[in-house]
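Protein chains in written order, with my numbering: chain R, 32 to 265; chain L, 1297 to 1591.
Listed below are the simulated SDA-like cross-link pairs for lysine to any residue, each with C-alpha atoms no more than 20 Å apart in a straight line:
no.: 1; chain 1: R; residue 1: K88; chain 2: L; residue 2: H1395
no.: 2; chain 1: R; residue 1: K165; chain 2: L; residue 2: G1588
no.: 3; chain 1: R; residue 1: K88; chain 2: L; residue 2: P1491
no.: 4; chain 1: R; residue 1: K139; chain 2: R; residue 2: G183
no.: 5; chain 1: L; residue 1: K1391; chain 2: R; residue 2: E87
no.: 6; chain 1: R; residue 1: K139; chain 2: L; residue 2: R1468
no.: 7; chain 1: R; residue 1: K165; chain 2: L; residue 2: Q1589
no.: 8; chain 1: R; residue 1: K165; chain 2: L; residue 2: E1478
no.: 9; chain 1: R; residue 1: K165; chain 2: L; residue 2: E1465
Pairwise CB distance ranges, derived in the manner of DEER restraints:
no.: 10; chain 1: R; residue 1: H226; chain 2: L; residue 2: P1491; range: 40 to 46 Å
no.: 11; chain 1: R; residue 1: K38; chain 2: L; residue 2: V1524; range: 58 to 64 Å
no.: 12; chain 1: R; residue 1: E87; chain 2: L; residue 2: F1572; range: 39 to 45 Å
no.: 13; chain 1: R; residue 1: E96; chain 2: L; residue 2: L1579; range: 52 to 58 Å
no.: 14; chain 1: R; residue 1: H50; chain 2: L; residue 2: P1491; range: 24 to 30 Å
no.: 15; chain 1: R; residue 1: S213; chain 2: L; residue 2: D1397; range: 49 to 55 Å
no.: 16; chain 1: L; residue 1: F1572; chain 2: R; residue 2: E239; range: 57 to 63 Å
no.: 17; chain 1: L; residue 1: T1467; chain 2: R; residue 2: E87; range: 29 to 35 Å
The set of hints was computed from the structure by calculation and includes no laboratory data. Glycine is no exception: its CB is placed at the ideal position from the N, C-alpha and C atoms.
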Amino acid sequence: MADTLLKVEGLQAWYGESHILHGVDFEIGRGELVTLLGRNGAGKTTTLKSIMGIVEKRRGSVAFEGRETIRLPSDVIARQGLAYCPEERGIFSSLNVEENMLLPPVVKAGGMSLAEIYELFPNLKERRRSQGTKLSGGEQQMLSIGRILRTGATLLLLDEPTEGLAPVIVQRIGEVIRTLKSRGFTILLVEQNFHFAATVADRHYVMEDGRVVDMVSAADVAENIGKLQAYLGV
Amino acid sequence: MGACNIFEVSSQLLFSQLLLGLINGAFYAMLSLGLAVIFGMLNVINFTHGAQYMMGAFAAWLMLTELDIPFWAALVLSPIIVGLFGIVLERLLLKRIYHLDHLYGFLLTFGLALIIEGLFQWRWGSSGAPYPSPIPGGTNLGFMFLPTYRGFVVVAALVICLATWFAIERTRLGAYLRAATENPTLVRAFGINVPRLITLTYGLGVGLAAMAGVLAAPIQQVSALMGVNLVLVVFAVVVIGGMGSIMGSIVTGFGLGIVEGFTKVCYPPASNTVIFVIMALVLLIKPAGLFGQTK
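This is chain L alone, in the form it adopts within the complex (with noise of 0.2 Å):
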């Protein structure tokens, strides 16, 4: 296949991939949103965060099935959950590990994420479970069908993440975080809890990521290893975002979601590499990311 023409590909095929990305966009930009804020203050990858998306998944899933809880609620008590799980993980294990190189906290998080994959696999099979979606129906726009609720992920994981940005860089709470991201032990001198703000916002992370899991129940199956491959993906937009960097996070998120729509469209084998290779690219040209800044 030669070079991808755009002019060839009817606009009904192209804008359905574009919206396909920016819909999978939304979900890597408040995931690598979660990984970052948490590698900002906690220096650890984690790589748990996959299976924490898939909790949050399978949290709404339970609360349906068994408890007849809508998703609505689901949104919200969901990630209160996942995020405590988190909470008592940093608590129990990952404070255990800050002062180690990162290699301790990426090998730490990946076990536990086997361990909690296997555990869901073990229970609940590696077949998904369907989850019906809150918002059916659609609209035709003209050259092609928009599903309603596709179009409210996409709405509402940019407001997640414009909130969490804005919380970050224009609150008290925020300047606390970023502080202490520089120098927590100055912060802890001055008053500030430092050790729970690193829980909270490990929290804070951890529901990032269950939040995104609900949202993405009705789109995908719910299943126990739906967020294996995408913490690598996720992952590998952080790293092109700038570790650490927020709005390097959503921003990269979003736009690489795009940018693999529309390499489904001009060259589909290449669709499950185009953000690795975009990732070898900028760390070849910026090690420290598009907007991250170097130390």
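Extracted from the complex, chain R is given alone in its bound form (with noise of 0.2 Å):
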């Protein structure tokens, strides 16, 4: 793999007393789309969580450009470069559809200016002025993902961005997730919906009970298929 940018080592991590990861290992190279793939309750969205420093007790190893970010709080890892959509879109009630737009700060050079994203989302620069939690379901789901395209972070961690939306959104979806990749974008992708996954992503590991138990690169998706489904239980 060319140009590690992310890895994760031996990563665990608590919920009050209940232990959910128990040693989570993979990483992602400069420019890669990783999915994390598993059943509901496989801890994937908490290795993401964890790996952005929402989830207080963790230990292990997470090593952003080389540099440990484990005992970081959760606004210097942002700072790093990384940003974070996460799974309920997390929309402000409280401000608009561009002061959503505009809250998370730049942290990098090089990040997306509001012309470019609003080319990306024409259904937001239409709605820039209207409440974010008023938006409907992709629209919102759009909003969580631009947002974050502006900060200059070069990896985004994206948790099921196609949650609940309707085939043609999870389409339009899929070809903005295409588009970052081909700007050069980092993406690691949450994701139950194996055929929307396997659409964009270059390898896919598969997570069960807390750890990361197998690795499956899209070229050998073909001949795995059955493993996986067995792994996802469709």
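Since each chain sits alone in its own frame, please combine them into the complex, following the hints.
Structure representation (structure tokens):
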């Protein structure tokens, strides 16, 4: 793999007394699009949150661009160049669309301009004065992705961006994700929708019971489809 | 006494009480604004607010009597000094209770208020000290005499309240603040130092209380207990306006000051309780307050 951007080793995490991650290991190369697949409760979202420093009790190693981040608070981690798009979208009801868009501060040079983001999501431009939570589910998802593109972050952590969306919107999200990859973003995507993940990713890590149990590259998906379906219970 | 007949009341009495109500309302608005900002961000009902208002007045009085620093300089310096005191308080004590029930915040800030007021009372006694008016004189409006300084207080409070509203509702920093009120974890994951934002918010709220105290010094006697009763009224104002609502605090603060003044004309014995009666009614009809949003 060319130039490792993120390396996760022996990552463990707890919510209170509950031990959720039991030693997660994987890595992502610069410019790659990698998915974390797995059933509900496998630890995919907790892995993203642990990388971002949102889960307070965590151990192991998370190295971004070779620098250890496991002991850093989440605001400092974000300023290294990681951006997080949560599963619940996290749109702020007290802010309009443009305020939501401008909320995450620019942490590095090289982020997309507001005009470029509106070009990618024309709906958001039309509704930029609307209250963020008045948007449709698909528009909220686009806003949730769009607002982290300004920041200059090089690694995007996307948690289930297609969840609960109509097929036509899922298709649009897929196009956007491919566009972002072509623009050089590195993307770690958590997905339950394997059919969607298969169309965009370079590699797939499979998680079970708080661990990564397998890795399948995009080229090997066809010959491993039975195994993947068994992992995911589909 | 029967129902108030406004036509039987002399216009001089009516307008002077309404002006007095407006001045009280200006202080209610400034103080409840600070309480609302603090509650919105910290989820703590800051019962130390009255003591911090008193500290603002005392700081101005000490500056004048001990250091010859005039009112206008004190109006800037005192909120900064008391605001910094608030920041130390937040860093040392308040930050430890954010994850606990509101009751702990109430008990801690109430206890702190008693300690602060007790210390001031021990050092400077209970009797008030006068503070000379920085703008002497006044204008005869025909129906009443308007002291210039009191008119200034109303305008200054309005400007300060609207400036605070603008900063919170129309600026980038205000957007951080509003977003952090909703979801601090996510805002922090965007790279914003939320703990520092919380500290600054508390400092700002305390600074507003201190500024109200400085403005009050030439009108009231500067005394250790000047904020004791006021904090209860201001808390009622915040509840009526809607906990955490900025515009609610401003409008309700001024509005209730006028209602209180009007009650003094119509039925003086009720003037001390009218705000609490309104609070009870609002809680029954609209528990989130007049401008509050139900979560």
